[in-house]
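**Q** Sequence order for the protein chains is F and D. For the first sequence, counting from 1, position 63 maps to 129 in this note's numbering; every step adds exactly one. For the second sequence, counting from 1, position 59 maps to 125 in this note's numbering; every step adds exactly one.
What the hints contain is simulated information worked out from the structure, not anything from laboratory work. Predicted, not measured: the structure shown is a model, and the values here were computed from it. Each hint should be verified, as a subset may be incorrect.
When chains are identical, the list treats them as one kind, so a pair holds in a single copy or across two.
Calculated pairs, SDA-like style, for lysine to any residue (alpha carbon to alpha carbon, straight line, at most 25 angstroms) [stated by the list, open to error]:
no.	residue 1	residue 2
1	226	125
2	72	244
3	72	402
4	374	401
5	226	135
6	226	330
7	379	425
8	411	244
9	374	290
10	374	273
11	372	392
12	107	243
13	411	225
14	379	290
15	292	426
16	72	303
17	379	76
18	372	223
19	226	192
20	72	278
21	379	400
22	292	367
23	149	273
24	72	298
25	288	401
26	374	413
27	149	288
28	411	73
29	372	401
The residues making up each chain are set out below.
Protein chains: 2
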Amino acid sequence: MPDVLKPGATIGILGGGQLARMLALAAAPLGLKCHVYAPDKDSCAFDVVGAHTLAAYDDENALARFANAVDVVTYEFENVPAKTAAYLTAHTKVLPDPHVLETTQDRLIEKNFLAGLKIATAPYAPVHSATQLADGLAKVGVPAVLKTTRLGYDGKGQAKIERAADANEAWRSIRNVPCIIEGFIKFQREVSVIAARGTDGTVECFEVTENEHRDHILYISKVPAKVTPALATEARRVATRILNAFDYVGVMGVEMFVVRKGREQHVLVNELAPRVHNSGHWTIDGATVSQFEQHIRAVAGWPLAKPKRLGAKIEMINLIGDEILDHTHWLTAPNTALHIYGKGKPSARRKMGHVTRVWPGE
Amino acid sequence: MPDVLKPGATIGILGGGQLARMLALAAAPLGLKCHVYAPDKDSCAFDVVGAHTLAAYDDENALARFANAVDVVTYEFENVPAKTAAYLTAHTKVLPDPHVLETTQDRLIEKNFLAGLKIATAPYAPVHSATQLADGLAKVGVPAVLKTTRLGYDGKGQAKIERAADANEAWRSIRNVPCIIEGFIKFQREVSVIAARGTDGTVECFEVTENEHRDHILYISKVPAKVTPALATEARRVATRILNAFDYVGVMGVEMFVVRKGREQHVLVNELAPRVHNSGHWTIDGATVSQFEQHIRAVAGWPLAKPKRLGAKIEMINLIGDEILDHTHWLTAPNTALHIYGKGKPSARRKMGHVTRVWPGE
Chain F
67 MPDVLKPGAT IGILGGGQLA RMLALAAAPL GLKCHVYAPD KDSCAFDVVG AHTLAAYDDE
127 NALARFANAV DVVTYEFENV PAKTAAYLTA HTKVLPDPHV LETTQDRLIE KNFLAGLKIA
187 TAPYAPVHSA TQLADGLAKV GVPAVLKTTR LGYDGKGQAK IERAADANEA WRSIRNVPCI
247 IEGFIKFQRE VSVIAARGTD GTVECFEVTE NEHRDHILYI SKVPAKVTPA LATEARRVAT
307 RILNAFDYVG VMGVEMFVVR KGREQHVLVN ELAPRVHNSG HWTIDGATVS QFEQHIRAVA
367 GWPLAKPKRL GAKIEMINLI GDEILDHTHW LTAPNTALHI YGKGKPSARR KMGHVTRVWP
427 GE
Chain D
67 MPDVLKPGAT IGILGGGQLA RMLALAAAPL GLKCHVYAPD KDSCAFDVVG AHTLAAYDDE
127 NALARFANAV DVVTYEFENV PAKTAAYLTA HTKVLPDPHV LETTQDRLIE KNFLAGLKIA
187 TAPYAPVHSA TQLADGLAKV GVPAVLKTTR LGYDGKGQAK IERAADANEA WRSIRNVPCI
247 IEGFIKFQRE VSVIAARGTD GTVECFEVTE NEHRDHILYI SKVPAKVTPA LATEARRVAT
307 RILNAFDYVG VMGVEMFVVR KGREQHVLVN ELAPRVHNSG HWTIDGATVS QFEQHIRAVA
367 GWPLAKPKRL GAKIEMINLI GDEILDHTHW LTAPNTALHI YGKGKPSARR KMGHVTRVWP
427 GE
């Protein structure tokens with residue numbers, strides 16, 4: 067297949083949730099078609115594409131037909147099964163290259179990868195037993211957070227340890243799976259850098275975004291973030307080094323803590339999301355190019371755009387669970403773009419939509 | 067059917083071109099599905115919706131199934147056949163109400179309608195014969211433009227008459243169909259007002275847009291238009307009166323000429339387009355709400371948004387025919403959004419895409 071897609075080509079997307087949906091909505095204006103592959107018949111991304119495959123991720127016949135029908139495959143979620151990725155890679159081009167997933171699907175491997183790049187993170191130690199947990203706690207101190215190395219998101223698979231005496235209970239609650247213990251960070255703010263890297267190695271970072279979580283789920287993202295210009299430069303430089311180290315193609319969300327060291331602010335990298343990221347949703351309505359379009363440009367082999375913020379200030383608010391039922395409120399809020407994901411009935415903690423509030427500049 | 071759609075409802079769109087495509091792309095973030103009905107298998111709007119009907123506009127079985135499958139019907143083009151509109155109106159809600167089409171599908175009826183509202187237009191007269199043409203020319207003067215009353219667009223079905231002696235040749239070129247003769251206007255600029263009207267009667271106008279044509283096809287639209295604040299107010303007031311007179315629901319494009327009368331500028335209304343309009347495409351990337359979203363909000367019975375421009379200046383450039391082949395040029399132009407309509411091979415005078423250039427404010 068060619069390295070540079072022509073308009074009219076088809077991008078395959080693994081996963082049928084809101085990220086796939088917003089990727090497809092960004093591909094359309096570029097004249098690129100999308101084919102969504104997902105195992106759930108209610109996948110909300112099916113509604114915005116002309117072609118979809120409803121099949122399990124381990125259905126090799128369906129995967130083969132999918133690979134044949136598209137010009138390149140990308141994915142909306144980081145937990146693509148390794149076998150699925152391997153099968154597709156053997157039959158078509160997959161971007162970002164799934165070797166990235168081997169690192170980002172495992173918190174311990176990810177932390178070691180960052181350590182290898184001399185990028186600061188919270189202190190951490192591997193935990194495969196109650197004994198190792200005690201040793202790890204001695205190294206990272208309390209409070210600390212015990213996390214499964216794999217398959218955790220939005221606070222799932224985590225246990226906070228306030229005192230060393232709580233360690234055994236935390237270990238039991240995690241149920242004896244491989245873990246990592248991380249020192250609890252007293253951060254000033256949580257920020258993220260949404261970075262895109264093209265096939266030519268160009269990296270374009272969106273401006274540093276400030277994030278607030280509620281109950282372990284992203285609630286609000288804001289730009290401009292309240293950070294110094296020096297911190298913003300450092301954050302974007304760190305993200306750029308990570309994408310370059312992976313020889314990455316596409317968009318990655320790099321979550322960071324801002325911590326104070328003496329008089330200076332520095333970043334610690336918390337987590338890598340090898341995909342478009344919730345904290346980049348503001349770019350749809352608040353920037354000259356969105357994270358979704360940048361990702362599509364990258365996997366299409368097209369040049370990235372240089373993003374520029376539209377407006378003095380932007381705020382993205384997630385609509386979680388029943389909050390989506392109040393959508394009419396947002397329809398009349400000034401300079402507010404509503405995004406309903408079309409996921410059907412809301413359930414608690416489920417991301418159902420978001421709004422972006424733009425304060426237009428003069 | 068309910069007057070106010072709920073998220074998850076389906077909007078039927080008659081027509082499968084780029085306007086239908088951009089309507090569907092605007093409906094998706096609002097959680098509304100679209101079902102596109104078009105007779106051409108290569109309809110570019112099919113690529114961005116989960117449901118479409120490929121059938122002729124006079125296929126009543128297909129129309130019946132379509133009407134059943136959707137909650138409301140709208141259209142992307144003003145030449146919806148009267149029988150199609152009547153059939154659908156009998157089976158479901160159609161917005162804007164097709165009675166508007168009876169006026170806007172006929173240049174003479176449209177001009178008489180405007181005259182009834184005391185809204186200024188070019189001088190005009192009906193022409194059904196060579197004799198009437200001579201009488202009409204005596205009334206409107208030369209130069210003048212002879213236009214078929216129905217089915218003309220982008221300069222088709224028009225003949226310019228420079229001198230009274232050219233009248234017979236013009237009449238022959240038009241081939242004996244009902245016509246209107248219009249006095250040729252020495253305008254300062256061409257502008258348009260894209261206006262939306264909700265089911266509650268609220269009207270929201272986008273700011274006056276300045277348009278440049280090339281070979282009778284819209285080439286560039288710009289905001290802000292170079293007009294006085296008084297002219298802008300007059301233009302928006304005229305558009306508002308027109309939509310109110312129709313009890314209109316949806317977006318209408320009102321094309322106007324700016325003419326000088328002594329020291330003052332005034333508008334003459336040139337043409338009404340009862341649909342989203344090419345000169346409003348800049349609103350996708352250049353405003354807090356697009357004309358497409360406003361139209362969807364209106365036909366869904368939802369409140370309109372108050373549009374605000376994003377950026378100091380916006381320019382929309384149509385990509386016509388082979389110009390689409392140079393799409394990579396626009397991918398690297400600063401602050402430029404590319405829109406490729408996915409229409410397949412370009413042909414001369416065919417609108418294949420557009421770009422929007424935004425000059426972000428500080």
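**Q** Now, for every hint given, state plainly whether the structure supports it.
**A** Hint check results:
no. : hint       : in the structure
1   : 226 to 125 : neither (38 angstroms within a copy, 65 angstroms between copies)
2   : 72 to 244  : neither (45 angstroms within a copy, 45 angstroms between copies)
3   : 72 to 402  : between (34 angstroms within a copy, 19 angstroms between copies)
4   : 374 to 401 : both (18 angstroms within a copy, 7 angstroms between copies)
5   : 226 to 135 : neither (46 angstroms within a copy, 51 angstroms between copies)
6   : 226 to 330 : neither (28 angstroms within a copy, 73 angstroms between copies)
7   : 379 to 425 : both (5 angstroms within a copy, 17 angstroms between copies)
8   : 411 to 244 : neither (35 angstroms within a copy, 55 angstroms between copies)
9   : 374 to 290 : both (12 angstroms within a copy, 20 angstroms between copies)
10  : 374 to 273 : both (8 angstroms within a copy, 23 angstroms between copies)
11  : 372 to 392 : between (35 angstroms within a copy, 19 angstroms between copies)
12  : 107 to 243 : neither (31 angstroms within a copy, 54 angstroms between copies)
13  : 411 to 225 : neither (29 angstroms within a copy, 58 angstroms between copies)
14  : 379 to 290 : both (6 angstroms within a copy, 22 angstroms between copies)
15  : 292 to 426 : both (19 angstroms within a copy, 21 angstroms between copies)
16  : 72 to 303  : neither (32 angstroms within a copy, 45 angstroms between copies)
17  : 379 to 76  : neither (35 angstroms within a copy, 34 angstroms between copies)
18  : 372 to 223 : neither (37 angstroms within a copy, 44 angstroms between copies)
19  : 226 to 192 : within (16 angstroms within a copy, 82 angstroms between copies)
20  : 72 to 278  : neither (40 angstroms within a copy, 30 angstroms between copies)
21  : 379 to 400 : both (14 angstroms within a copy, 21 angstroms between copies)
22  : 292 to 367 : neither (34 angstroms within a copy, 40 angstroms between copies)
23  : 149 to 273 : neither (35 angstroms within a copy, 54 angstroms between copies)
24  : 72 to 298  : neither (36 angstroms within a copy, 42 angstroms between copies)
25  : 288 to 401 : both (15 angstroms within a copy, 21 angstroms between copies)
26  : 374 to 413 : neither (35 angstroms within a copy, 34 angstroms between copies)
27  : 149 to 288 : neither (37 angstroms within a copy, 52 angstroms between copies)
28  : 411 to 73  : between (36 angstroms within a copy, 11 angstroms between copies)
29  : 372 to 401 : both (24 angstroms within a copy, 7 angstroms between copies)
Consistency with the previously given hints fails for numbers 1, 2, 5, 6, 8, 12, 13, 16, 17, 18, 20, 22, 23, 24, 26, 27, ordered from lowest to highest.
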